[in-house]
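**Student:** Residue numbers (our numbering), protein chains in the order written: chain A, 1 to 143; chain B, 1001 to 1433.
No lab work stands behind these hints, which were simulated from the structure alone. The reader is advised that the hints may include incorrect statements.
Per the computed footprint, the stretches of chain B lying under chain A, defined by three or more beta-carbons under 8 Å from a beta-carbon of chain A, are [what the hints assert, rightly or not]:
| id | region |
| --- | --- |
| 1 | 1046-1052 |
| 2 | 1254-1268 |
Straight line, CA to CA, 30 Å or less: simulated DSBU-like cross-link-like pairs of lysine-lysine [to be verified]:
| id | chain 1 | residue 1 | chain 2 | residue 2 |
| --- | --- | --- | --- | --- |
| 3 | A | K13 | B | K1171 |
| 4 | A | K68 | B | K1225 |
| 5 | A | K68 | B | K1373 |
Every residue, glycine too, gets a C-beta built ideally from N, C-alpha and C.
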Amino acid sequence: MQAQQISIFLENKMGRLSEVTKILSDAGVNIRALALADTSDFGVLRLIVDNNAKAEEALKTSGFTVKKTPVVAALVNDRPGGLHGILDLLTKAGINVEYMYAFVAQSGDNAVMIFRFDKIEEAVAILTENGVEIIDGNKLYTM
Amino acid sequence: MIFNIEYETMPREALEAIQLRRLQATLSRANAMVPFYRSKFKESGITPQDIKSLEDLRRLPFTIKQDLRDNYPFGMFAVPMDNVVRIHASSGTTGQPTVVGYTARDIDTWAELMARALTAGGATRGDIIHNAYGYGLFTGGLGVHYGAEKLGASVIPVSGGNTRRQVIIMKDFKPSILTATPSYSLHLAEAAEEMGVSFKDLNFRFGVFGAEPWSESMRKEIEEKLNLKAVDIYGLSEVIGPGVSIECHEAQKGLHLFEDHFIPEIIDPDTGEPLPYGETGELVITSITKEAFPVIRYRTRDITSLNPEPCICGRTMVRMNKVSGRTDDMLIIRGVNVFPSQIESVLMEIEGVEPHYQLEVDRKENLDILTVKVEISDKTFSDEVKELQRLSATIESNIKETLGVSVSVKLAEPKSIARSEGKAARVIDRRKL
């Protein structure tokens, strides 16, 4: 019940991000969700794409360092307190959220959030036990 | 194996007798043929006849790179152009290029020295030598080439550049000896990996690397990545080119300096005073057999020390330690002497960090700021920003601890720091002093 996210290292340089989007566009890869963590010197770009293998190959050929990281995509009720309910469960179970970001598409009335946990399997177990729907990677990439 | 047993294992006393005779002959010729030396000797109130022992050498004035530049192009030649058969020149990246000449006998001497060097580095007649030093005005390519032929090995004159083709040649021709600059050898390793070629499947036994300072930890990395034994070679075009000194593959501990052709001294770079064996300072070399371009007490600007202890390989010639830096590479950061090689050693001790780095020096509000750019590798890249920040902080604190200087580390994208196919450009100094 995990999804794969790809991350790349970017220097903080003018136009660097658009180079990445060009490479992916040329390779016919669709970006499904994206988050950029940045510092004054560099950034880490995290991506959920429709075709990991193609994206990884295209980026590596262009000289980027690419890493795959397992993440969890969970359905969140799109109403006040929806996200809080999930975070509350995790906090009580002692699970840390390393980072999270929102997925572009909705699933019915729900928003989709991408989570990176320190204890990924425990997190998935707690969430499923409590009725939170987790979206499998294969479904997520083409949603 | 030793190429020239008679000279390379000669007892000290006999060697010194030869040195003195050759030194005196060189001084007389330089005095007679090169106006620069004649006026330098005159200024110091000395004549070649005053040099009666090897100790007297220290009475002679130094020659520096600027002297060679002042006499550009052929002013330092000690023979008529009729007798010069080859001309090489330095790149001139730091100013006027320096031009050196060789007589037919000089070329022969150089080939002999390079044959000795390659043999010390593990080569024999049966070896195929992949020579990736640049051919041209730079002495590296042709120096190795003539030595390899003198030895009777098969040399592939592949020169620098066109790295993908080099990998194919290494795969198909199965060379057993690699000669290249250390930074280019790692570049070759990267290219091979990208092409799906493993050095484990290649045939290399030894590599002879030089033309730029490199650290022990870089040696370890080269030996692992290229699956060969790496030895260090030293030389400079002003003296002859590569083949001034060489490590033996048996000990890999210090470079035997061919004292039947060169007399080494170590001096304090500030005072010019000669230092005893074992002490670290600037290497000064006097050539004692060269005809076209003799150099007398030439200041190499390379920092090293000399070790007279006998070596397990049987050679009796003094060993110079691996060059730890250059007097002109040395950066003074807020009063602390910093050599790029020291930074490199610190980097290589951190798991996963590759020796691809660059030092940038700026001066802000009268304060020196040293920035160390380090490339991220597959091993050091983490998806989490805090891990990357931890890596920068580790490098910063290790450098501070080892060198006593504060630096700021900037992580860079892989392959974003230029790999020169010759010498790596390690330092960008933007201070306007």
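**Student:** Hint by hint, say whether it matches the structure.
**Tutor:** Here's how the hints hold up against the structure:
With 0 residues having a beta carbon nearer than 8 Å to a beta carbon of chain A, the region 1046-1052 of chain B misses the requirement of three or more and the stated coverage is violated. Evaluation of the coverage hint for the region 1254-1268 of chain B: breached, as 0 residues show C-beta separations to chain A shorter than 8 Å, against a requirement of three. Restraint check for K13(A) and K1171(B): not satisfied, since their Cα atoms lie roughly 38 Å apart, outside the 30 Å limit. About 25 Å separates the Cα atoms of K68(A) and K1225(B), which keeps this hinted pair within 30 Å; it holds.
For the hint linking K68(A) to K1373(B), the alpha-carbon distance of about 25 Å falls within 30 Å, and the restraint holds.
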